[in-house]
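Participant: Single-letter residue listing:
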Amino acid sequence: MTVQAQILPGTLDLLILKAVSLGPAHGYGILLRIEQISGKALLIEQGALYPALFRLVRQGLLKANWGTSDNNRRAKFYDLTAAGHKRLRQEEKSWNLLVCAIGTALEARPEEI
Amino acid sequence: MKLLASIRSVLSAIFRRSETERELDEELRAHVQNRADDLERFGISQRDAQRRARIEFGGYQKFKEEGRSELRTSFLERLRQDARFGIRMLRKAPGFTAVAILTLALGTGATTAIFSVVYAALLRPLPYEKPSSLITLGEIRGSLELGSQLDTQYWNASYPDYLDWTRQSKAFQSLAGFSGDAFTIRTAGESGFLPAGEATINFFSTLGVKPILGRDFAAGEDIPKGPSVAILTYGYWKSRFGGDPTVIGQAIQLDDNSVTIIGVLPKEFEFAPRSTADIWVPLHLSTDFATRRSLRWMRVIGRLAPGVKLEQAQSEMRTITAGLAAAYPQQDAAIQVVMVPLRDRIVGQVQPLLLVLFCAVGFVLLIACANVANLLMARAAVRRREFVIRAALGASRGRLVSQLLTESMMLAAAGGALGFVVANWGTSLLITAIPKGLANTMPFLQDAHANPAVLAFLCAAAIFTGLAFGLAPALQISHQRATRSRKRADPPWAGIAPGFAIRWWSRKLHFHWCSWSAPV
Numbered sequence: 001m002t003v004q005a006q007i008l009p010g011t012l013d014l015l016i017l018k019a020v021s022l023g024p025a026h027g028y029g030i031l032l033r034i035e036q037i038s039g040k041a042l043l044i045e046q047g048a049l050y051p052a053l054f055r056l057v058r059q060g061l062l063k064a065n066w067g068t069s070d071n072n073r074r075a076k077f078y079d080l081t082a083a084g085h086k087r088l089r090q091e092e093k094s095w096n097l098l099v100c101a102i103g104t105a106l107e108a109r110p111e112e113i
Numbered sequence: 001m002k003l004l005a006s007i008r009s010v011l012s013a014i015f016r017r018s019e020t021e022r023e024l025d026e027e028l029r030a031h032v033q034n035r036a037d038d039l040e041r042f043g044i045s046q047r048d049a050q051r052r053a054r055i056e057f058g059g060y061q062k063f064k065e066e067g068r069s070e071l072r073t074s075f076l077e078r079l080r081q082d083a084r085f086g087i088r089m090l091r092k093a094p095g096f097t098a099v100a101i102l103t104l105a106l107g108t109g110a111t112t113a114i115f116s117v118v119y120a121a122l123l124r125p126l127p128y129e130k131p132s133s134l135i136t137l138g139e140i141r142g143s144l145e146l147g148s149q150l151d152t153q154y155w156n157a158s159y160p161d162y163l164d165w166t167r168q169s170k171a172f173q174s175l176a177g178f179s180g181d182a183f184t185i186r187t188a189g190e191s192g193f194l195p196a197g198e199a200t201i202n203f204f205s206t207l208g209v210k211p212i213l214g215r216d217f218a219a220g221e222d223i224p225k226g227p228s229v230a231i232l233t234y235g236y237w238k239s240r241f242g243g244d245p246t247v248i249g250q251a252i253q254l255d256d257n258s259v260t261i262i263g264v265l266p267k268e269f270e271f272a273p274r275s276t277a278d279i280w281v282p283l284h285l286s287t288d289f290a291t292r293r294s295l296r297w298m299r300v301i302g303r304l305a306p307g308v309k310l311e312q313a314q315s316e317m318r319t320i321t322a323g324l325a326a327a328y329p330q331q332d333a334a335i336q337v338v339m340v341p342l343r344d345r346i347v348g349q350v351q352p353l354l355l356v357l358f359c360a361v362g363f364v365l366l367i368a369c370a371n372v373a374n375l376l377m378a379r380a381a382v383r384r385r386e387f388v389i390r391a392a393l394g395a396s397r398g399r400l401v402s403q404l405l406t407e408s409m410m411l412a413a414a415g416g417a418l419g420f421v422v423a424n425w426g427t428s429l430l431i432t433a434i435p436k437g438l439a440n441t442m443p444f445l446q447d448a449h450a451n452p453a454v455l456a457f458l459c460a461a462a463i464f465t466g467l468a469f470g471l472a473p474a475l476q477i478s479h480q481r482a483t484r485s486r487k488r489a490d491p492p493w494a495g496i497a498p499g500f501a502i503r504w505w506s507r508k509l510h511f512h513w514c515s516w517s518a519p520v
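If you're matching them up, the sequences are chains A and B in order.
In terms of our numbering, the first sequence is residues 1 to 113.
In terms of our numbering, the second sequence is residues 1 to 520.
If you're looking for bench data, these hints aren't it; they were derived computationally from the structure.
For clarity, every value in this text was computed on a predicted model and none was experimentally measured.
The beta-carbon is built from N, C-alpha and C at its ideal position, and this holds for glycine as well.
Check before you lean on any hint, since a few could be wrong.
Said to hold, decoys possible - Computed beta-carbon distance windows for the label pairs:
#, chain 1, residue 1, chain 2, residue 2, range
1, B, I55, A, L97, 20 to 28 Å
2, B, R22, A, L97, 37 to 45 Å
3, A, N71, B, E21, 20 to 28 Å
4, A, D70, B, F464, 55 to 63 Å
5, B, Q81, A, G10, 40 to 48 Å
6, B, Q46, A, L22, 28 to 36 Å
7, A, D70, B, R22, 41 to 49 Å
8, B, E56, A, L22, 17 to 25 Å
9, B, F464, A, S94, 40 to 48 Å
10, B, A93, A, S94, 39 to 47 Å
11, A, Q36, B, A93, 55 to 63 Å
12, B, I44, A, D70, 20 to 28 Å
13, B, K92, A, S94, 39 to 47 Å
14, B, A93, A, L22, 35 to 43 Å
Next up, chain B with everything else stripped away, as it sits in the complex:
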């Protein structure tokens, strides 16, 4: 109840300051007035009664001030006291404070920077429209292990089969295909190697990607003698053409063909299965590739029609496949179609890598936290006598705890603030460290900044560490309030505080980090 009363007075003091002030004034004034009225009843004149009442009240302003300070929240007062005391204590040990803050800053900042870059590069949502509807379709011979199909970036189908699927499938609103390609680009005397992607006309529209300049492929542009048109990726447009908007309509020489640039892809665009492609061209198929049903080379992606579930698409495809197997027993017998959502293919590749990275980063943070914890505990051990005396003088355990809490929070706040600076700087540093060629395929990375969500999480982690290891010694110390001697014979590092804290928390959290992290 006392806590409730305190909270009430806190809230009223914060939010109704002027009202509280008015009430205080009204109450005291009423008191004096009452007294004056009583005095008047005894026959004293009104003016004398007022004067007497005031005198009897005593120092009006003084008591008003005292009353005001009693009314004012004790919580805020204590907080202010703790903060002032904490700052003084921290200033008295500048080395400790500096190292603690620096460690926290580096720990949180570095890990945030890494998380941010990884997030921007690998974890961001796929830049397509409704990416969960995008499914990859690959043909396999029945005997192959399904598992081996799933962790590759390659899945293939033949062009005639693809055409049949397009004609017969209702579960998919659109089916597109792509493959890798490469050209020698010739300009004014020099030539270069240009990795590319070739795709069906509806490739980008299936993905739901619109060029930011120019236009998408149009029907009929996938001529066998081609390509005759091309769409540039944003990175290539920036690096090779300097971001010149007049590039649309320009002709470039790819192998032996003069190719017109018709569009530029958006900055956010990225297609992992063909991430190195600098330009995209429509399919230009020789007769063999276009007609041989047993030649499986094209990767097919489909967008599920609205409301259609993967299972429905799969069962429809089984029917279609059965039909094809019957119609073309030589090429399509024992063929199965494997449908895997595009996201799984892309992320699945990356997941093990991410796991390792996150673990490594997590350990870095743990080590930073452990170092700060060491510092805090060593400090607490040194200050043990101070706490014992304060406890003996009557400081409640709650008071001691809250004071240590305030100190830890201030350290965590300072560390977090500096960590934010480190994170931003670190993110930029990491991005510039990426090799130029790779960076060009990921133009969206230039925008990456310290991810606020991750930073918030890391600040929370820092605060948690501060709390956990700052409190443990305080709690343990106040446990032994009167019993523990003030004998000066005991060295401050009597093994109690650090050992106790570790064992206490290990028991509480079943967290055997001390056996893991060697530096501790």
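Excised from the complex, chain A in its bound form:
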């Protein structure tokens, strides 16, 4: 199952924030981490990552610094800002609420109506 970035822009942002919260990473690293923490069930269209990253930087949720990656290449590393941490917590909460609500709705049986 491929998560289309255009369809769930909010979800991609959430995943990015979560991935970065585990530690600073560059674009490719974030991609790998998302795949990893989602148990390889989510495959992101790779290029879509970057507009999302830039948008999050512009919104002040991520900050970016150039550094060297582990294979000695120059890379731009992203990290969460304080606002980013806060937004992550908020989004997690909203997401859980949403999932709960939809889950409950889906368990509805004919008798309950």
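Starting from the known structure of chain A, arrange chain B on it as the hints suggest.
Facilitator: Frame of chain A, contents of chain B only:
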């Protein structure tokens, strides 16, 4: 923090465009390269790995473009959007736009023109060297009110006293005197009346004024039977002699004397206490005027020696006066010398007039601003529904405000630009409207142009009005975002927007202009 991040991206987008572009390219390329490396580790050939990595990345150019537009400053984007939207809105209401711009232009332009002419005529710095050192000295009898001395253009001393001052004073590096004079000028058959000034030889050198043609008076030229030489003012030289440089050395007939023209004064020269003088001649004194100590007719001006303060000069003069009173008890007893800086005498005359003028002009500007404000508020009332809907759709208050701001600024900019044209035209018009005789005594006025400082101030005033009255309705509207109904029953002029704006600003600024300006 979000604002800071925005500002940072603005600045980086503006100033480091190519660097940002390079970084973007580098980042994306590195990503693809990393992927290719990983694929190679799985045993895929280098060429296949590169190809696979590219494919997996997705539309490289597309995402690069999206990334680029995200990176690009949102502020500039919003500004561009607001500007486009604003222009569209203004074009949709051409009548309103035209009237608003015209009103602003006339208001700022007319007031600037008036300020400029007044500045050139009355407020410009005195055209003498270090004018603050120039002091007027007048004799008064002790009983006279000091106040009455200060607001006249006349102050007098006697010639013998003046000579004594010159001899005894160290506080003044130079003392000169002048008085009014008039001649009948006779040329080839016709005669005319010529107002003049007569002055001591060192008059112009005391003021620090040098003729632009010819020379200043020389010692010995103040003969009693005179005058025999004369210096022309610039205006008179231009009007009577057509600016002919060969006028130096020419002889003219003043009363019964043949007088040689020896110099021409600079264009900027103006001497308010004797502003009507067309020519200046050296003193030509009959015995009485020269020797009678009790005849006080000459106006004395002195230049303070370097480093000397007025108080020091005053205390020195008290000593000198005491000495004179003792030596000549009949003529000089109970005489005091009043020292007033020349500037105070000149400007003091003018200040009340200026105040009235500035107030009148200020009101003109206020009325113009009030008219534009009316227009803006009426318009805002009409657009209230638009704002309510936009707010309900999620437009932040800041967005609405900034959009109105942009519109107001564009109006103010257009009004200001047109106002500049009006100001220049108005200044020229005002100057040509000055009666010929008066204009000749102020040749420097021909150079007057719309003063940039004043124009800048007036543009600021226009912008401020635009902001103040453009914003107030927007802020009030967004206050009532969801609560205010979209009921069509409400007429657009529900009295909320204009009344609220006026009351709101009145409270904020304690500015009761609405009770002052009747047209509002």
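Participant: Honestly, which of those hints from before does the structure not fit?
Facilitator: 1, 5, 7 and 14
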